[in-house]
Amino acid sequence: MDIRIDPFGPDALLVRHTPQGHEAAFARGLALQRHLEQHPPVGLAEITPGFTTLLLEFTPGTRPDPRWLSVVLGAAFRGIKSTVAPERTLEIPVIYDGPDLPAVAAKARLSVREVIALHAAGNYRVALLGFAPGFPYLSGLDRRLHTPRLETPRTSVPTGSVAIGGEHTGIYPAATAGGWNLIGRTPLNIVDTTLARSADPKAFLFQPGDAVRFVAIPQEAST
Amino acid sequence: MSVPLMELVDHGLGLSLQDLGRRGWKRFGVPPGGALDDHAARWANRLLDNPTNAPVLEILMHGVTLRALRRVTVAVTGAAPHVLKAGRGGPWHTAVIEPHQEITITPPQSGLWTYLAVAGGGFAAPRWFGSVSIFPRGGLGESLGPGFVLAGSEAATPRPDSPIGERWVDPSEIRNYARPPALRVWPGPQFDLFSTAARAAFFEQPWRVSSRSDRTGYRLDGAPIPSPALTLPSEPVLPGSIQVPPDGLPIVTMRDGPTVGGYSKIGLIDPEALAWLAQCRPGQQVRLELILGPSHPE
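Protein sequence lines correspond, in order, to chains A and B. Residue numbering for the first sequence follows the numbering used here, starting at 1 and increasing by one per position. Residue numbering for the second sequence follows the numbering used here, starting at 1 and increasing by one per position.
Think of the hints as simulated: they come from the structure by calculation, not from any bench. By construction, the Cβ of each residue, glycine as well, lies at the ideal position given by its N, Cα and C atoms. A couple of the hints might just be wrong.
Stated by the list, open to error - Cβ-Cβ distance ranges computed for the label pairs, FRET-style: (1) Gln38(A) to Thr231(B): 30 to 40 Å; (2) Ala175(A) to Thr231(B): 26 to 36 Å; (3) Gly74(A) to Glu154(B): 52 to 62 Å; (4) His146(A) to Asp170(B): 57 to 67 Å; (5) Pro107(B) to Arg67(A): 43 to 53 Å; (6) Leu13(B) to Arg213(A): 19 to 29 Å; (7) Ala151(B) to Thr83(A): 22 to 32 Å.
To be verified - Which chain B residues face chain A? A few, computed with CB under 10 Å, are given here: (8) Lys26; (9) Val30; (10) Pro126; (11) Ala151; (12) Ala155; (13) Pro158; (14) Arg159; (15) Pro160; (16) Ala229; (17) Leu268.
Claimed, not checked - To give an idea of the chain B side of the interface with chain A (calculated C-beta under 8 Å), a few residues: (18) Phe28; (19) Phe129; (20) Pro189; (21) Phe203; (22) Pro236.
Bound-form chain B, shown alone:
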C-alpha cells in the first residue's frame, strides 16, 4: 500500500524515475533504460538501506523543486551533492524533510545528473516490462510534470530512533565529475575494419561531448575519423557501443538507445566507465583508452 510522499512543484530541466533497468526485452525493441549514473543511483539507495535497484529520481542539472507531503527521509547523490545540508555532514548524504518543506536542486558545479532516493524501498511507480524507466519515445509512459505526486511506502517516514537520517557516503566513493578518468574501451565487432590511421586518430585525440546528447545517445565532437564504407545488416548494440556513422563522428549508445544499429562499431565503453561519460557535460573533454586484453581480436 503506497502513500503520497512528495509533490513535484517545478520540473526544471527535466527528471524521470529510474531503477537499474530491465533485462530480456531488447529482442522486442525495448531498450534497457535505467539510471545513467548507476554508481550514484546505487549509493542513494544504499544510504537508505533500500535495494540498490529501488526507483529513484534522476534529475537533469538544476531547477527541480519538490515539496514533502509528509515527513520523509531522502538521500541525494550525483551531480548536486549539497542540496539538503550544505556544509554539514558532507556531500552524498541523507536528510529528513518535514511536511510542506521544499527541496530545490541547485546548479551543480560539475556533472549532469542528480539522484534523489526515498527511504522505505524507494518511490512506488508503474513498471513497464519490469522497470519504472519510462520511455516516451517508445510509447511507454509520460514525462513527469508539475503537480505529479510521488508515492512510496509509509516506511519512508523515519521512526524516532532511526539512524539513517544522518548518513553520508565515504569520500572515496564520491566522484569528481569535472575530472573523469580516461574511459576504457573494448574493441567493437568492426574494430578490424577501421584503418590503422582511423584507430590511431580515434584513441589519440581528446573528444568533446556534443550538445546533441541525451539518454538515447551521447555524440562526440572532434576531428572526424574515416569510417569503413559498409552498410551492415542491423546488429544488436549494448549501452556503451561506439558507432561511427559516415560523417566520422562517434555516437555512444546510452541506456534508452535503439536496440539495434547498422553503423560500424569501433568499440564498447567498459560498463564501469559508462557512468563517468554519462555525467560529462556538453563541451567537456573525454579521453578514450583501448583495453588490450584477452578480448582483443587477433
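Next up, chain A with everything else stripped away, as it sits in the complex:
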C-alpha cells in the first residue's frame, strides 16, 4: 500500500503518501491534491500539502471514513506519474552577501566564492510553501551545501533573505525570526500585499512546482 490515511483530531485526515525522502514526493502529492480538488469528498474544506503528506480538513461532522478514502485515493494513486514538468521558470536576482556565507563555506570545506557559484548554478523546484506566508521550500540544493539550521535562531531575519536550512534553500518573504543560514538577499517582493487584500493567490511570487534559478547580481545593483 502506497498511501496511509489516519484521523488527525475530530475533523481532519492526514494522508501519508510517499516513503520519507522520496524524489517523486512532490509529483505524487500534487496529483493527489488535484484529484481531490476535482473530486472533492463531501465536506472537504481545505487541503494543505506537506512534503510527503496532505492534510484534509472537513466541516465538523462530515469527515469520511479513512478506509473509504484509502480505497478511492489508492485507485487514483496507481495511475499517476512520478514526475511533473514545471509550468514556468522564475529567475531570482540575488546579492550574495549573507552573514552565514563563511560558516556554510567552512562546513562544506569550500571557499565563499565556490559556495556562491554552486548555489547560483542550481536548478530548483518549489516543493512547498509553508512556515510563513509565501515562504518557498526549494528542493535541488547541491548536497555539498546542505547545512543544519542554526542552534539558536535569529530573533529577526531581514525581508528577502536567501537562506539554507538543511537540504533546502528558501527566501524569507518578510522580516521574522528564523533559524536558516543567511547567504544573500533578493530585492524582489515575495508577497504582494495589495493582492493579499483582494485575496488573490497571485499575491505569492512562488507557486508550488515552479522551477527556480538564482542569478548573482553585484552589490551596487541593490541600492
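With the hints as your guide, set chain B onto chain A.
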C-alpha cells in the same frame, strides 16, 4: 460606507482585530488566524445581533483605553467581564457608550484575552486573504497603536427603541478561566512513536503554561518527556497540534502558528478545548486527557 466609531487612546499590553480566521490559505503558508477564544468572541457578536464571525477587538490583559467618537453600542466578553457595568446586569454584557466617553480595560481576575465587539456588523477593517486577522510576522498588516481610529457601520449607533444595549450572556455560558477543565487530546500522527513511558508521563503530569507563549504557540513547562529521535519531513499542522521537540517540552500550535512543522506530534487538543488553553495565563496549570475514541490508532 463606514464611519469612525472609536479611537485607540492607549494600546496597553496589546490588541488586534480578529474574526474567526481564514480558510484555504494554509497551502501558501498563511496561518488561519482568528480569535484565540472563539467561544467568547462569538458571544460578543451574538449579544449585538452581529454575524458570529464579525471583526472584534482581541485585547491582551489590561491597559487598553478607547474613546467613543459617536454614540455606539458595544459588548464585552472574555477575561475582563465587568468593564462597562460593574455590578449591574452581570458580566459578558452590552452597553451604550456616549461620545467622548472612555473605556479602559481593567486587570482581569483570570484569563488573558478580552473581546470587545461593536453593533451594526462589527468593526470595518482591511482583510488579508479574507480575514481581518493581521499577521505582522508574515508581512500582513501592522499592529494597532495609539491614535488608530476604529471604523464601523452607522448602525453601531443605537436607535431609541433598540433593546440590545441592555443584554448579557446566560451565566451558564460564562467561563471561569481560573478553573479550566482537563483538556481533551486526540492522538497525533506520531502518537505511536512515543514510548509507553513517554505517553504516560505526558498525560499524568500537570503542565504549566510557559511565559514564552503567544498567538503563534503556547509552550508547556513540566518534566520533559522523551521525544522520538526522528526528523520528519515537515508536515501540515493544525491549531491545537502538540509538537514535542528534542528538549521534551511540548509546544501547542495556536492560530498564528506556522502551517507546517517537523517535530513529532503526540496529540491534538480538541478544537472545543483550545479556547480554554488560550485563556490560561503563564504559570497556570493544565491537565491533558487522552480521548480514546474511534480515532485512536489501533
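Hint by hint, here is what the structure shows:
1. Gln38(A) to Thr231(B): 30 to 40 Å: 33 Å, holds
2. Ala175(A) to Thr231(B): 26 to 36 Å: At roughly 27 Å between Cβ atoms, threonine 231(B) and alanine 175(A) fall inside 26 to 36 Å, so the hint holds.
3. Gly74(A) to Glu154(B): 52 to 62 Å: Between glycine 74(A) and glutamate 154(B), where Cβ atoms are some 57 Å apart, the hint holds.
4. His146(A) to Asp170(B): 57 to 67 Å: 58 Å, holds
5. Pro107(B) to Arg67(A): 43 to 53 Å: Check passed, 52 Å falls within 43 to 53 Å.
6. Leu13(B) to Arg213(A): 19 to 29 Å: Distance hint for leucine 13(B), arginine 213(A) is violated at roughly 46 Å.
7. Ala151(B) to Thr83(A): 22 to 32 Å: For threonine 83(A) against alanine 151(B), whose Cβ atoms are near 51 Å apart, the range 22 to 32 Å is violated.
8. Lys26: Holds, because the Cβ-Cβ distance from lysine 26(B) to chain A comes to roughly 4 Å (cut-off 10 Å).
9. Val30: 4 Å, holds
10. Pro126: Holds: closest Cβ of chain A sits about 6 Å from proline 126(B), inside 10 Å.
11. Ala151: Not OK, violated: alanine 151(B) not within 10 Å of chain A, min 16 Å.
12. Ala155: Result: violated, 24 Å to nearest chain A Cβ.
13. Pro158: This hint is violated: proline 158(B) lies away from chain A, its Cβ roughly 31 Å from the closest one there, beyond 10 Å.
14. Arg159: Violated. Min distance 33 Å.
15. Pro160: 37 Å, violated
16. Ala229: 14 Å, violated
17. Leu268: Nearest chain A Cβ about 4 Å off; hint holds.
18. Phe28: 5 Å, holds
19. Phe129: 5 Å, holds
20. Pro189: 5 Å, holds
21. Phe203: Violated: closest Cβ of chain A sits about 16 Å from phenylalanine 203(B), beyond 8 Å.
22. Pro236: At about 4 Å, which falls below the 8 Å cut-off, the nearest Cβ of chain A leaves the hint on proline 236(B) intact, so it holds.
In summary, the numbered hints that this structure violates are 6, 7, 11, 12, 13, 14, 15, 16, 21.
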